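Undergrad: Given next are the chains, with one letter for each unit.
2 protein chains.
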Amino acid sequence: MITISTIQDIRRALGYSPARQSGDQRNYDPKIGFVPTMGALHEGHGALIRRARAENQYVVVSIFVNPTQFHQAEDLEKYPRTMDTDLAYCQSLGVDAVFAPTAREMYPDELLTSVEVAKISSGLCGDFRPGHFRAVATVVAKLFNIVPADRAYFGEKDAQQLAVIRKMAADLNFPIEIVPLETVREPDGLAMSSRNQRLAPTDRLLAPALYQALQAAAHAIRGGSSLDMAKQAALHVLARVPAMRTEYLEIVDAHTMQPLKSITSEVCIAAAVWLGGVRLIDNLRVQHMSRLGSPS
Amino acid sequence: MITISTIQDIRRALGYSPARQSGDQRNYDPKIGFVPTMGALHEGHGALIRRARAENQYVVVSIFVNPTQFHQAEDLEKYPRTMDTDLAYCQSLGVDAVFAPTAREMYPDELLTSVEVAKISSGLCGDFRPGHFRAVATVVAKLFNIVPADRAYFGEKDAQQLAVIRKMAADLNFPIEIVPLETVREPDGLAMSSRNQRLAPTDRLLAPALYQALQAAAHAIRGGSSLDMAKQAALHVLARVPAMRTEYLEIVDAHTMQPLKSITSEVCIAAAVWLGGVRLIDNLRVQHMSRLGSPS
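Chains as they are written, first to last, in this note's numbering: chain F, 1 to 296; chain B, 297 to 592.
Source of the hints: derived by calculation from the structure; they are not laboratory data. Honestly, I wouldn't trust all of these hints.
Calculated cross-link-like contacts (lysine-lysine; reagent style DSBU-like; alpha-carbon spacing at most 30 Å) [said to hold, decoys possible]:
| no. | chain 1 | residue 1 | chain 2 | residue 2 |
| --- | --- | --- | --- | --- |
| 1 | F | K78 | F | K157 |
| 2 | F | K31 | F | K157 |
| 3 | F | K31 | B | K327 |
| 4 | B | K415 | F | K119 |
| 5 | B | K327 | B | K453 |
| 6 | F | K157 | F | K261 |
Reference listing, derived: stretches of chain B covered by chain F, where coverage requires no fewer than 3 residues with Cβ under 8 Å from a Cβ of chain F [unchecked claim]:
| no. | segment |
| --- | --- |
| 7 | 342-352 |
| 8 | 431-437 |
| 9 | 460-470 |
A few chain F residues that don't get close to chain B, going by computed Cβ distances all over 12 Å [to be verified]:
| no. | residue |
| --- | --- |
| 10 | A118 |
| 11 | D171 |
| 12 | V179 |
| 13 | E186 |
| 14 | V237 |
| 15 | P259 |
Just so it is clear, the structure is predicted and the values come from calculations on it, not from any experiment. A virtual CB, placed ideally from N, CA and C, is assigned to each residue, including glycine.
The following block holds chain F by itself, in its conformation from the complex (with noise of 0.2 Å):
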């Protein structure tokens, strides 16, 4: 495994990387699989990187803090570092190059140019985190230009940055492929996340409850409740745990994330909640079983 903190560099690995050197055939094209992440790796990001790992011959983790999509100065100042352990665990499983450039050099000038997905960043996490989905869409834009991938894969847990990204590349013609990949949990229930190790061993404890809302509206719907009751459902099981201050918690199209009037198709409940000044957020996609023939 080769770490790389230069553009220039993994442009120059990827160019000339063993597996595209290999091949002697006229036709022989070996994929790229890409991993861009935040660091802090858990196994949610080991389930992407195996995912990659079987389906390429190359694979290529970033991990890149990218300042702009902060919101608050203090949030990006807390956010976990540990590159140490996140290069060891990428060699762990296989993993070819890890980039890993610093903010100067990902943002050597006065950035101007913004990518925008419309409709989509808005709502849910969007209404809160002013300009985060821009900034994720741009340094998504530029890592896929950086790394050329023929796959990346993302996590369903972030479900709203999962469909702002795949937008943006069916938009732009992005020559990559969009992989998602079902959230990966705690055996409680707790979605894996960067920002459990923020968690107090007391509000660890809390934690699941997040999940058990969605569980609660998930199935609220499969019995034939109505949006807003389904809703009620998750947010009396929240309500439970005072600690928890709920940021929003919404039932929406699960393809366009935009609010629902009723339950027509596939929806998606969503929700982030404080934690002891550590934000979570969580989702659960739910395909509504058609009413049809039920009594009323």
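Since the structure of chain F is already known, use the hints to place chain B on it.
TA: Same frame as chain F, now just chain B:
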């Protein structure tokens, strides 16, 4: 020369281009030169294509009248379309592939993603064509992802567009060298433009006044005039042609395209005029002569 209308086919053609296929040596790395156009090709485009031909193994010209960058439906409708002549011209210049997609091929779904370049997109044409440079930056980002070029060629006649695209390519790390080429002019000085063919014969005779106005300002600057005096010199020339309505005439920083308070570096004198329902733009760059040692 091949003519291609779908994204899938141009990718296939470039992945398996004769240039790319002929390389048996491991390190043979044929370069792709790309000239994005809106068709109605003239000698200005010809200069771009010749330069691309000289510098690359494979040359791609795109012909796409991008609807999103037109503010007025009428302007889009009246934009000249001369596909047969364009294809013959490309062939005569040794172009390998022409990519001529339909609007539906480029915009199959609702486009939600936009690429915006702040600052550089404002002022000059940006003020009179709302959303124009956002649409230009977005379609060029799409084309750069569709045609995996090593170099892309743009004319300096569209100075603000060139500045927007250069900054966009740098900020988003597109692995493409942007090559600018000097404006090609008719013998009487009129900058080559696809719109020139829409000029009535009498207006065509008046049109060189635009370039003469820019020259007057350049002459004034070289002679040590202030920014205001240089601008007045240009406006004085334009005032002699009542049929010509000045949309703007500005002297800006040649790199940022932003307004200047005084002349301190390389400047760009840029103007847009209307003549018989046709909008013409032109610009001249002038290196400011040091005024150190001048008597006043």
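Undergrad: Would you mind marking each hint as holding or not holding in the structure?
TA: Each hint tested on the structure:
{"no.": "1", "hint": "K78/F x K157/F", "verdict": "20 Å, holds"}
{"no.": "2", "hint": "K31/F x K157/F", "verdict": "26 Å, holds"}
{"no.": "3", "hint": "K31/F x K327/B", "verdict": "21 Å, holds"}
{"no.": "4", "hint": "K415/B x K119/F", "verdict": "24 Å, holds"}
{"no.": "5", "hint": "K327/B x K453/B", "verdict": "26 Å, holds"}
{"no.": "6", "hint": "K157/F x K261/F", "verdict": "24 Å, holds"}
{"no.": "7", "hint": "342-352", "verdict": "violated (count 0)"}
{"no.": "8", "hint": "431-437", "verdict": "holds (count 3)"}
{"no.": "9", "hint": "460-470", "verdict": "holds (count 7)"}
{"no.": "10", "hint": "A118", "verdict": "5 Å, violated"}
{"no.": "11", "hint": "D171", "verdict": "4 Å, violated"}
{"no.": "12", "hint": "V179", "verdict": "18 Å, holds"}
{"no.": "13", "hint": "E186", "verdict": "34 Å, holds"}
{"no.": "14", "hint": "V237", "verdict": "33 Å, holds"}
{"no.": "15", "hint": "P259", "verdict": "16 Å, holds"}
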